[in-house]
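> Sequence:
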Amino acid sequence: MGTYLSVFQFRVELGNISANLKKVEEIKALIPEGGLLLLPEMFCCGFDYPNMEKLAQASQEVLDFLSTLSRERKAVVVGTLPLNEGNKLYNTAVVFDSGKLIAKRRKIELFPLYKETQYFSPAKEGDNRVIKTGVGKIGIVICFELRFNRFTNSLRKEGVQIILVPAMWGIERREHFKVLTRARAIETQSFLMASNSWGKTGKTIFGGASGIYSPWGEILAFSEDGEGFLTAKVELTEVERVRNKIPVRYP
39 MGTYLSVFQF RVELGNISAN LKKVEEIKAL IPEGGLLLLP EMFCCGFDYP
89 NMEKLAQASQ EVLDFLSTLS RERKAVVVGT LPLNEGNKLY NTAVVFDSGK
139 LIAKRRKIEL FPLYKETQYF SPAKEGDNRV IKTGVGKIGI VICFELRFNR
189 FTNSLRKEGV QIILVPAMWG IERREHFKVL TRARAIETQS FLMASNSWGK
239 TGKTIFGGAS GIYSPWGEIL AFSEDGEGFL TAKVELTEVE RVRNKIPVRY
289 P
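Positions in the sequence shown are counted from 1; adding 38 to them yields the working numbering.
FYI, nobody ran anything at the bench for these hints, they're computed from the structure.
Just to be clear, a hint being listed does not mean it is correct.
[To be verified] Cross-link-like lysine-lysine pairs, in silico, DSS-like; alpha carbons within 25 Å at most: (1) K153 to K216; (2) K126 to K66; (3) K112 to K61; (4) K175 to K162; (5) K175 to K142; (6) K153 to K175; (7) K271 to K175; (8) K138 to K61; (9) K271 to K92; (10) K61 to K142; (11) K66 to K153; (12) K61 to K241; (13) K92 to K61; (14) K66 to K241; (15) K112 to K175; (16) K170 to K138; (17) K112 to K271; (18) K170 to K153; (19) K126 to K112; (20) K92 to K60; (21) K241 to K271; (22) K283 to K271; (23) K241 to K60; (24) K271 to K170.
Assemble the whole structure, with the sequences as input and the hints as a guide.
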């Protein structure tokens, strides 16, 4: 039957939750039923630091939206947003499966160049784990964390099948993003989905280059520039086939 993996690359409007949710709503019909959708990092508001606490207070609106989207498409939907927990603000990925919130994954390695460390708290390493969904075993690596292969290697040891990379990755580092996403698919022998923001948000231009990669590192779908919706139909049995053909030991 196969599994549908989808990513949506778009220009996030800074601090404008309603406009960003509307953009995602507009592509709802494109999401294959029973598939997996990944949205860019902070897809609902971007890094609007002066208003981040206020935006976090509106998180329920975003969570309800993602729940409805997931339920209506009978899909797994993953997006990140600012969430307050225990009087701390976290950059948090949430996973909805057929409308139910089944997991959260808070960002561990914050990006100091973009002042993320001044506004968010880092999560503990234990947040990086494999999440069992109706689609398969997924793991989430949030933006800057892509540079640290300890995250993807840890997921590989736990038997991950699909690695998701939600990102707001600047255009000046776009070539890094393209190389690292493909490399992480190859070294972990996993499918990898990367959803990056594109275009100018606030004062920063983001680089797009979203893609879907096979455990061989093949490019199954890719979008360099512009807004776009990508989908690839895959067979998750390919993961075990590749791992059996080229055994790699993860100490």
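> If a hint holds in the structure, say so; if it doesn't, say that too.
Hints and how they fare:
For the suggested pair K153 and K216, the alpha carbons sit about 23 Å apart, so the restraint of at most 25 Å is met. Among the hinted pairs, K126 with K66 is inconsistent with the structure: their alpha-carbon atoms are about 32 Å apart, more than 25 Å. With a C-alpha separation of about 19 Å, the suggested pair K112 and K61 falls inside the 25 Å cut-off, and the hint holds. Proximity of K175 to K162 is assessed by CA-CA distance (about 21 Å); at most 25 Å being required, the pair is judged to hold.
A C-alpha spacing of about 14 Å is found between K175 and K142, which places the hinted pair at or below 25 Å, so the restraint holds. Our distance criterion of 25 Å between C-alpha atoms is broken by K153 and K175, whose separation comes to about 32 Å. Of the pairs offered as hints, the one joining K271 and K175 holds, with about 16 Å between alpha carbons and a cut-off of 25 Å not exceeded. Our distance criterion of 25 Å between C-alpha atoms is met by K138 and K61, whose separation comes to about 22 Å.
Distance restraint check for K271 and K92: the Cα-Cα separation of roughly 39 Å exceeds the 25 Å cut-off, and the hinted pair is therefore not satisfied. This hinted pair checks out: K61 and K142 have alpha carbons roughly 23 Å apart, not beyond 25 Å. At most 25 Å may separate the alpha-carbon atoms for a hinted pair to count; K66 and K153 exceed this at roughly 33 Å. With a CA separation close to 21 Å, the supplied pair K61 and K241 stays within the 25 Å bound.
Distance restraint check for K92 and K61: the Cα-Cα separation of roughly 21 Å lies within the 25 Å cut-off, and the hinted pair is therefore satisfied. Between the alpha carbons of K66 and K241 the distance comes to roughly 29 Å, so the proposed pair goes past 25 Å and is violated. For the suggested pair K112 and K175, the alpha carbons sit about 17 Å apart, so the restraint of at most 25 Å is met. A threshold of 25 Å between alpha carbons decides the hint, and for K170 with K138 the separation of about 13 Å falls inside it, so the pair holds.
Between K112 and K271 the alpha-carbon distance is near 16 Å, which keeps this suggested pair within the 25 Å criterion. Between the alpha carbons of K170 and K153 the distance comes to roughly 33 Å, so the proposed pair goes past 25 Å and is violated. At most 25 Å may separate the alpha-carbon atoms for a hinted pair to count; K126 and K112 exceed this at roughly 32 Å. Distance restraint check for K92 and K60: the Cα-Cα separation of roughly 20 Å lies within the 25 Å cut-off, and the hinted pair is therefore satisfied.
Under the criterion of a C-alpha separation no larger than 25 Å, the hint pairing K241 with K271 is inconsistent with the structure, at around 36 Å. At roughly 22 Å between alpha-carbon atoms, K283 and K271 fall within 25 Å of each other, so this suggested pair holds. About 22 Å separates the Cα atoms of K241 and K60, which keeps this hinted pair within 25 Å; it holds. Taking the CA atoms of K271 and K170, the gap is about 19 Å. The hint holds against a cut of 25 Å.
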